[in-house]
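S.K.: Taken in order, these protein sequences are the chains called P and H. Residue numbering for the first sequence is 1 to 305, as defined by our numbering. Residue numbering for the second sequence is 1001 to 1303, as defined by our numbering.
Everything labelled a hint here was simulated from the structure, so no lab data went into it. Among the hints, a few may not be true.
Label-pair restraints from in silico Cβ distances [to be verified]: (1) 1252(H) with 99(P): 15 to 21 Å; (2) 1298(H) with 77(P): 20 to 26 Å; (3) 64(P) with 1007(H): 20 to 26 Å; (4) 15(P) with 1179(H): 22 to 28 Å; (5) 1186(H) with 15(P): 45 to 51 Å.
Backbone N, C-alpha and C fix where the C-beta goes; we use that ideal spot for every residue, glycine too.
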Amino acid sequence: MIRFENVSKVYARGARPALDDVSVDVERGEFVFLVGASGSGKSTFLRLVLREERPTGGRVYVAGRDLTRLSSWRVPALRRGIGMVFQDFRLLPNKSVYENVAFALQVIGRPRHVIRTTVPEVLEWVGLDGKEKRRPHELSGGEQQRVAIARAFVNRPQILLADEPTGNLDPTTSLGIMRLLDRINRTGTTVVMATHDDEIVNEMRRRVVELSTGHVVRDEADAVYGRREEILPAVGPVAVLDAPGRDVPVRRITVRPEPGDVAAERASEEAAEHLTEDIEREPVSEPLEERSSAMSGAARATEEA
Amino acid sequence: MRLQFVLAEVLQGLRRNATMVVSVILVTFVSLTFVGAAALLQMQVTKLKGDWYDLVEVSVFLCPEGSAVPTCADGEAGDEQVAAIEDVIDTELGDIVATTYFETKEEAFEAFEARYPDGYQGTQLTVDDMQASFRLQLADPEQYQVVDDVLTGRDGIEVVEDQRAAFEPLFVALNRASIVAVGLAGVMLLAAALLITTTIRLSAVSRRRETGIMRLVGASSLFVQLPFMLEGAIAALVGAVLAVVGLWLAVQYLVADWLARSVDWVDYVSTTDVLTIAPLLLAVAVALAGVSSAVTLYRSSRV
């Protein structure tokens, strides 16, 4: 699904490469954590997949396309197949939850009746039903990130990229977001997530690709975060928040989860169960369910292998 | 769906940048009014030339008694000289001169008396004070210089006069006025182009978040940029429409209702002429906005 072949990226002439001879192969339906200190090249990796940057050397293949040869007018088509989630959510403050998600479909010219059915569906799926009319500032951080995920997922992308999606969230809320990403992954969507959150990585036990100063230093399946003091030597064995542009790491403070997130999580679980029941009853009636059933096929195949 | 969405975006952008949009409209309005005024002045000049040049002639005045001009050393032009001149006109200027008419002293006196029955400025003139002349109607009035070159300096001809010369000061004034209008229009158009550029950039900055997300979810560049281009185009078009309305009112009330009544022997530009140049003004506005936004967007927002 995503293949990096000896990819290098140098931003400024003479500067240390952000990525240096990186080769990584991500299969369809995989869940991959990208870990590494700030400046190790995680964000560059994601930007290359989105073709926000072109590699200085090597080749990047995404969904069968060679991005190094992709002409710029084909970039929008590429991005329609990729969802992206950020640490700072990037929602439109003057639009409601519904409008924020609908915006992603409007701007790629989806017909109105499609938007009218798809948006409530995906909002329910991420556990935000009943909050369609709220503005982002009226939501908790976890709920805002759910909106952002809904927006990234509403077009049913094959790939979901997440750059520190839990970076601004407390551990319990983060867990809810991770469950959601996991659920998205189980529909067959390839998920690549850059993170510093060792608890999450350790708990999920998925493939971990560790970057250090632009090199892949570890690539393990079912892995753990690793030794924090090695990955983040400047910080030591304590969890940190990684805010881009902020060099001084801040100690993570455990806070109580916001009630909105707990409710959202519960609603989302229910919606997902509901959806699973639907799938069992009627396998191919809705696009989302199609993906789910296709995925379970893929999962079975993986198990067999 | 798409169209509706784009229009909603455009409206939102126009509202958000209201002051800039108003300034674009005003600057375009003023600049295009100057462009239109220059065009109308040129149309007026053409109309006047068309009307008046058909009426005017080249007068070849023959030597009267006692002229000080060297070609008149022999005194009043005799029949021989007149015949020689007529021959020259026929042979050398046959292509240029459409009709030739010989006006005798007597005819000139009759015409004079008809025009000034009470004498000219208190003096009583006689037939002998008049000059015989050839009246030449030119096929192309612009060819006057050739006639002048051929005839001036010949014996028996005192002076060659182009009646058009009487109008020249007026045409010079009108032409200079249009040059001034074009110059001002140029400056204002430049200002309009710069303002449109700034407006688009401002609009793009204030909507950076939206456009960022649009790019991220795979909206095409055209779709991302179209609202900005339309904003500039709409503002410029409104300015052009205002300019057309302004010119129409000016022609209707200043020219048709006032000037045409006080000086009624002239054929003036009409409101129809304003409507003729309206498409030109609208096209200039669209081109202006198009070029400005293409330049801005090419520089500022690439995928």
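S.K.: In this structure, is the beta-carbon distance linking residue 1252(H) and residue 99(P) contained in 15 to 21 Å?
M.R.: 48 Å, violated
S.K.: Can the suggested window of 22 to 28 Å be confirmed for the beta-carbon pair residue 15(P) and residue 1179(H)?
M.R.: 57 Å, violated
S.K.: Please test the hint of 45 to 51 Å on the beta carbon pair from residue 1186(H) and residue 15(P).
M.R.: 47 Å, holds
S.K.: Residue 1298(H) and residue 77(P), beta-carbon distance inside 20 to 26 Å?
M.R.: 22 Å, holds
S.K.: Given a hint of 20 to 26 Å, does the C-beta separation of residue 64(P) and residue 1007(H) actually sit inside it?
M.R.: 36 Å, violated
Hint compliance for this structure: hints 1, 3, 4 are not met, and every other hint is.
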